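**Q** Okay, here's what each chain looks like letter by letter:
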Amino acid sequence: MSMELDVFVGNTTIMDMEVYQLWLDGLTVSDAVKVRMDEGALLECEANPEVLTSDTMDQFRTFQMCERLLHSPTKLGSQLLYQIPAQNQIILIERYYEFDSVFAREVLGKKLSKGTKKDLDDTSCKTGITLKSCRRQFDNFKRVFKVVEELKGPLVENIQRHFLLSDTLARDYAAIVFFANSRFETGKRKLQYLSFQDFAFCAGQLISYWTIGAMGAPTVPDSMMEDMDVDLEKEFLNELKDLKVLVNDKDMMDQHKILVCAALRGKIKVYKLMEVNFKNLSRALINLASKLTHTKDVRDLFIDLVEKFIEPCRYDRWTVAEITLFLTHYTNAAHCLGTFRHQMIWDRYMGVIKSCILQMYHE
Amino acid sequence: MPGKLKAKIVAGRHLPVMDRASDLTDAFVEVKFGNTTFKTDVFPKSLNPQWNSEWFKFEVDDEDLQDEPLQITVLDHDTYSANDAIGKVYIDIDPLLSCEAATVISGWLPIYDTIHGIRGEINVLVKVDLFNDLNRFRQSSCGVKFFCTTSIPRCYRVALVHGFVEELVVNEDPEYQWIDRIRTPRASNEARQRLISLMSGELQRKIGLKVLEMGGNAVVGYLQCFDLEGESGLVVRAIGTACTLDKLSPGTAPNTTTHTNTHTLPNTAPTSNACNSPSKDSKEPVFSEDPPHSLSGPPTPLRTLPSSSPPPFSPSKPCSRQSSSSDTDLSLTPRIERFVSSPGVFLCPSSPTLSFDSPSLPSSGLILCSIGSALRAYTPPPLPSVQSEGSVLRKTVSFSEELMLAASGMGSGGSVGKEAGPLKTLLRQHTQSALEQREFPIFTLTCFPPGFLVHVGGVVSTRSVKLLDRIHNPDEPETRDAWWEEIRQEIKSHAKALGCHAVVGYSESTSICEEVCILSASGTAAMLNPRFMREGCLDTGGSDHRLSRQPHPGMVGSERGEGEVSSTWLGFEDASPPSCGFVHIPYDEFNMPFPAQLTYCYHCRRQKVPDVLFTTIDLPAEAEVTGKGCLIQARLCRTKKKAQGEVNATSISNLLPFMEYELHTQLMNKLKLRSMNALFGLRIQISVGENMLLGLASATGVYLSALPAPGGIQIAGKTPSDLSYDQHISTMQKRIDDTIAKNKELYNIHPPECIEEVVGSPIPDRQRSSRLFRSTSESSDELSELDLSHGKKDAFVLEIDDTDAVEDIQSLLTDAPIPAGFYSCNTEVMPGIHNWTSGLQMFTSVRVYRLSNANLTNQGLNKIFTDLCENLLKSLYFKLRSMIPCCLCHLNFTVAVPEEELIQVAVTAVAMSFDKETQQAADKALTRGSGENEEQLQFSMEMCGESTISNNQPTAKPSGVPESAMVHSSRVSSSERCSPLPEGRSRSLRSTRSLPCGAPVTVVKMTPLSFLPGTRIVKYLGIINMFFIRETTSLREEGGVSGFLHSFIAEVFAMVRAHVAALGGNALVSYSMKECVFMENPNKNQAQCLINVSGDAVIFIRESDQEAIPPLLTSRQTSSTGADGTT
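Line by line, the protein sequences are chains Z and W. Residues in the first sequence are numbered consecutively from 1, following my numbering. Residues in the second sequence are numbered consecutively from 364, following my numbering.
So here's chain W without its partners, still in its complex pose:
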């Protein structure tokens, strides 16, 4: 009995009228936890009852405390008939279970009814007395802190990052139980809400247990999702990153709020120095013994397969793994599509034919092979066509060459693996234990403590199409678990192919239509600094793999390779300057997993960097960016024949690779058009509907100073004979060039002119080496012909011979420019903007379009979809125009196909205004600093850091007033007819006008970001994770679908704010609306909507409130940074 939960019902207000006769209500309250229920007295005839109840005490297990919500029901007493429910409040007790979070829940909470919405408010007090249970076998995990924030929370310091935690719970969906036929919609909705609340509690508890097992005390980047699988059940799953966090005492808390380099860099430098020496010692031996054993078979098969693979297939397994990894390098590959049906397993390679590719590519047909009883499907041995996608995705034009490269890389890797027998086993023994502990070197974080990220490889992603089947036994959610495990393995092996030992910025998602489900996962392959990890865990695994990719040492000059290896490992210590280290390639330049043009880093000139970098993470604070960034979106719509079951799944998986390819091409083109060279926060969503697939890729494009300047886009036609055609092409070319020039101006991208250095022009170098390397593989002879590699950097050719390309170009040029004064990005902050004011506005916008024309072509659909997104953005800009200059941050688009012919787009973002004048100053400082050497950079950052601080304080605008009170009086206003009342009536003058807030409501800010500009988060109060259902049978009366959804979203916001305020907080950070499922039946006048939101409740204080502390702190930090920089 380790916990006592106490609740007190104080009062109610604004209750609805339940008794028409008296226009009043006889309200009482039921308080329920688990199976225990208490009741208050009836407070007769009042809409503002004062119950002032005793303390209701529940003596319960802490396990229950974690799982169950406290359920408060407000009812209207009726002497003659059954009592009518007014509404309910579910209170998550979890924040009270951690000593560092909230201690009491107290405040006005909205009373919610799934049919009527919010019906008044109730004032409650909830406390928990927890007795510590030190039982080793306990089932509870009280005290583990959860954060939605995908970075290290602001008032904590990370001691250790333990790694990936995941859990999944399944149940039957109450909506689909037989009993649903006889119960009311309200009862059914409430059963569902309660069940999901229970399931998330259970999930959190189980994840907490895993964290405790790993020795951690917190989960960061906690991402919980629901899969409403309909008939087949309800899945609640969560992933996160287990960490050990140390709370920073207030005095030492780093001032990280303004998010400038100055603020983040300083506090890390000393720590990294401190930790370097020990970690170096432990790692050195590993490196030195590595080169000889080139272990190549990824370690994956060693341990993850036993669950499923039948013996006959095991030999092929490593091979298939390898193949998958080699082609996914760049991520966007949906390659391994498998779908499971109950009788057997079918397997189909992702891409039967690639229409876009050159004739030289072998096309592979659809292969279906039945595997009888096995539950798991296998990828076939590497297929050339499969390979091509990866390469194609990387770069459009020269993909034949790349194909070969990728294929050969794969081949050699495999062969080396076989040769390295004894040594490999030795190493395996060495690494296996480490890997045992860390099955998935995956991190949900997107923002890292400085120094954590060593190198970034690129995006890795996997999609898999599955057929849903009823979950027979909720207690053993094995199928779903296995699916996800498979996908994570896939991701892991992709990362390996990129020469990386870890995946960061990882997320998972699903899209369900009827019985088909697309599971997606994506992340960024990266090399991490092992000092944040447990000893000898990740690093060994990673390094061994990394080195394994080094091909036949004798041939390509091993000294080079070795040099690179060591620098890679020691990079974070001395070799790589912090501002460019992460862009240096983690993979081996002579055995690249995909083709890329490598150059020497434009910043340090020592390491190789790719020409373009795609990632899912946020822009690292230390990254040096030229100019500003912008949101880049690729949108795609593909029709699909309606089908059932396997046929449907097959057709979807056949479509996926094409979609990914096209999305990627679009992204690439748009990136070039903006003259940028890197994407951050890339998120590709593919949604499935009955007769179409929607693809939406969003990312923030930036110009990384360390990467080479992107070349322009060149348009080429294949039939140069026609004069008018030539003209057409040249006008197109001109438009594109103009746009690029305009964009450069707009985003302030003026990279310092780069002197082409003689230091071994990297490209020919690469070619030489790759040829050398290729000669070892079988397919060397074709290379010379297929080599389309364009000598210098300027070569991105678009051929407009086929309609596809024309479409591409059209879409390129039709993207509406952002109105002046606006910037947008989907990352936490906009690179190049530092001096935020405190004016901020979080919003959600949802649109549903009905496609009236049933027979739309792909192109027509694309146009519609693109227009939809563009118009939505335009509307947002217009709506937020009063905040100019401002930036829409964390723009998160979600697309869905709720019904045939319906497209739903939901956007959540935060608009933050900034200061124009100081902005320019900061810009200048930055541009001056960029491209110059390190000391100067430090200096400039110092400058801009100080200017930010000094400017922040005076310019702090009144919070929460985006619409600066626009007083306009165009009509007879009362002032004009002020009646000159004679004096002598002092009485009326006495009444001073009070603000309309008798009991002031706490203003609660909400933001999808992990911080609030101009403020400091002093306390995390716990996670908010709420699920609501709203249903109506009087849709027209509630203002139609828009009115219904508008009020529902407003209600959800209100409830979130109220719960945050009740915890004692004044803001919700890392807010996200993970689910917004909307269903309507206008004929029946009905609609239903489900919304799931989450975030971290926090207390923040204004920076200006803490007097002179921050500047003092900052100056100390900057000076220390300067010192570090010189050492």
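Isolated chain Z (complex conformation):
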């Protein structure tokens, strides 16, 4: 005797969110049944393994049939096939688009192409996330990327409008889209210690301050701005070249150093080392700024930050507090240089760099 067919259809689609999570995690039905049994599902309603298997299969099938709709979440609200209460729709969508940050870290900055998708089994092995789940997450990234890529207007809002995600999740996706678009280098061994959250924070900073949309541009209607969030503002990057004066002009550099040293004396333990290294550190940051007109160097932004700034500091055992103090005074001191006229650009640049470094400065 075998069950040939087993179907349960409710007028309101019944969805068990715990089973949904198991499905999203890419478990097979039998694995999911095991997990549920371990979690004590058999104690409910005098269930037996048969009942549990049937229920799990049915739920998995339901999710699979709904998956098509989840690909364009706005359709979920207007479709007639499944009657799903609005609260459940929100949960369904949110969960479907949630991702493992370990996985996201792996894919971050990679081209969202078929090639990358083929390598997912390696990623799956490395992260311990099932291949099925990896594929879903990858496809989600790609789908969001594809839709948003073409759109005008603010990135986070576009993602929210088209995928109905929560604010935080939409920001994470914005980071992923931003990284995929600019193809930042994240895979180098030296960058391995950075988590997805670190990068997402940095992406947020870049989007907020270095893109066209960043400075508010309140007079220009959203629709007029092309790719306002996805690409860094060209004009700004060009202007960054002007900052070179801070290292090229010897007087200015010395002046800068004196001001910073004056402010920090007695306040940080690594003062001596700072004094010695000031020029190197300053040069690193300024050179970084001036190179950003080249796409290649934009991609290397993070590796450069790590190699040129974070590693030397770490070598000298700076604490985070010390770095904070240094960067604060380093930034502010430039304002006191009488001959330095690029205050606006400087603040815009250093604000982002400072918060990025602080985020990235850990083991």
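Within a straight-line C-alpha distance of at most 30 Å, the following computed BS3-like cross-link-like pairs (lysine-lysine) qualify:
1. Z:132 - Z:110
2. Z:117 - Z:142
3. Z:146 - W:408
4. Z:152 - W:408
5. W:490 - Z:75
6. W:371 - Z:75
Hints were generated in silico from the structure; no laboratory data involved. Every value quoted in this text rests on a predicted model; they were computed, and no experiment measured them.
With the hints as your guide, set chain W onto chain Z.
**A** For chain W alone, kept in the frame of chain Z given last:
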């Protein structure tokens, strides 16, 4: 030209990509009605076309409006090749034809393709301008309202119940026409869908005509079914109850939604009072002249036979009728099995031998007699063995005695009939005209206006095995008509045997396998209050018959009989209290159609009641119940040799009585095990397959306070010598006793201890009288020996000597207990639960099992089948666990044997959650009230009514959210990595997250019940009756059979919801899935499924929305009830 149909195509959305190159579609729409077709422009390159067409106008006859559906086809324009069809929408215009229903159809409807399923949606507007046609000879019946609901619809009042209407249309099945060989599956499916749509339209129109003829304006309890007879054709048939309904104006609408006694009783009391006096006047004379003419030959032969009976047989006819009636009393008798084959008629008595019965029973062999050209088969003169089933079904142990009783009852009835010559003719003249008008006193209603039901006799049912033959002339569906007519006659005469003049809760069904077809009908014999009927119609017929059953007056004390008669008739006026009247026996206690232990009613102590009552109707609102009820199922599987034609039919009809008997025994045992004494909503389905028969009986068991407490089950072995055997028996006995005790606790059955009254202990009384009576018949001498009657009520003995009984006991004890927090029933509502919340979930579940082992024994099969049903129930409980505490209502099981070695079980039900705390309060109030006298009852009901109301409002949960949003975050959720974005970016904060419903889809609730808890139905928009076919040639790709069927059922639900919403409704009540035929061919990667669903589209409003009106109304009503109660 009395009608103008207008349609406008507005837009489409979510269309499929039809042009791979552009990933877009060039869609246009064809709108077709009858032979007229209009087209919209092509809307190029869009998946969301905006046609915004002009109004397409069709000028048509109203006859066509009723028959034809509006057919909308969406196509993809292709310059070079033929245009590809995307899909179709059929719109039933009928709801627009009644002024009280919907006025416009407007909304998004799914575009459906039989191969691909739903492919996008289309927004349409449809209107009808109807010019009234007062032509007397018109063929249309616009304006007659149809309701699937088997009770009086909530916002109507019934003025008159006219009675039974039926119609049947046959046609060739397009699937079996020669052209099907050359056309595509899609074309064939569409031809079929269209044909069935046409046929149901025609059927509805014809029934409407009949209703108009009767003077009614509505059909309630409309039940339409399809018989896919394969080669021999396609039959669409429908039955219903014609009524005259008055719409209640909103202000006076009774608040019946919560379904408590308080709500239903009040509004009836005044009306019944008002109507009583006139009806009394008209009836009184009839009674007084009745007793002398004891007409016994049932009136049936008087009028229904001419169509077929050849003269030689007519004398035997009444006799056979009589016999059939006497044994069917209890219903489950499949006695008259006839099967028709083209050359001649064969006739075989239902039961050749009864293996279970005691040796004293004569066994009759199979009798086959050819009747040459006659088309109709006859039952043979009464056969003892035939009789026995009826009695056996009634009670297992003492059936020999019962047999005699039944036989004698029959005999005397016959003889009296012959004696009563002249008077009878007189009466016949009197009643014939009445009967002329009402050929079948049959009602499809299961729920009645209070006071309608006077007494209930028991279940009557008939099955008949037929051989299908090609329908030669679709315009004259006489054969099928004759079959059903025969069956209804049968039912009617069974009811008569129970001393009842009517059958309520009536339904018909078929089971077809190849060329064999089992036709079944069942209902509940009842006495109805004639004030709802037409003058002098039913009541005369009924009363005359009733009285005819009174045997030789001199012998048994006629004063008693007469007293009973009058009380029966006046019962609804004064004698019987409303809460127990319906359980009082309608038949004569001295000439019972079947043996039963009668006692005085535990409620009023004045009338006799049976010890057990089986019915097909819903629990009457006025019924007083102790504790809660539960679903009781009997399941049975019997193997059968594969055979062809007549041989097959014979073997099936031979098996049927045994199955019915066993099902009945199971039901009885399970009922006792739960310590209950009545079954409601009994539905017995017998399905035929090539090599097996499946039987499934479902009902809701309750403890009626008015009936005696059921005795326990006693196990007896025949060989008491063996010690270990004794031990075995005693452990069994203990288990059973424990189970009974546990069940009593579970269902809260604590009947007030009853003082055995001295007022003539009814049982000995009965015995005396029956002996007296028997002495007049021939077979009196054997009685004393065979009398196994068990002195007092406690005597239900199961002997476990034979394997059958062991099996019975096993199955009794293996029934899994219902998980805590769940209740289940197959009636509209669960007795004992009143405070429903608005949380409800309708669902359909289908399972197909493959029996891998070809050589299964009956017992093995039974086990499998029982497990299947039990597991299915368990799965349902598990699935719906988030709704606890909840009750599965209207659990409707359908079994089928789609192929050899396959068993299909489909369940449709609604899970409704209720409030625990208030429940207990209500319980207390109820138990306190029950068993006490009337005034106190009224009081307690008032209490609980009020508490229900007051509790309903605050506890109304958000609708449609059975899964209370379970937010669980066990993993890295986005909240953990919320990136602290610096301020200064007000732009992103501006975006507030909207719910994912740009254009909100109307939530449409669906329920198989006639009401939605916590709401009030304000308008009925019309009947929804849809038939869909889905086929696939890529079964694996669609997720196998389960994936295929899952999406199809979901699609059907979606289409039903969309049509309800387009009519302006927000719910579908009385929903049922009448057909779910699933066929697969996994080797060819193919599957096909047919589904037929129906229900009533309604608009409901939440009770809490209407502010203070309901409590006010209720309190007024309750007070008026109180006043009525005291008068």
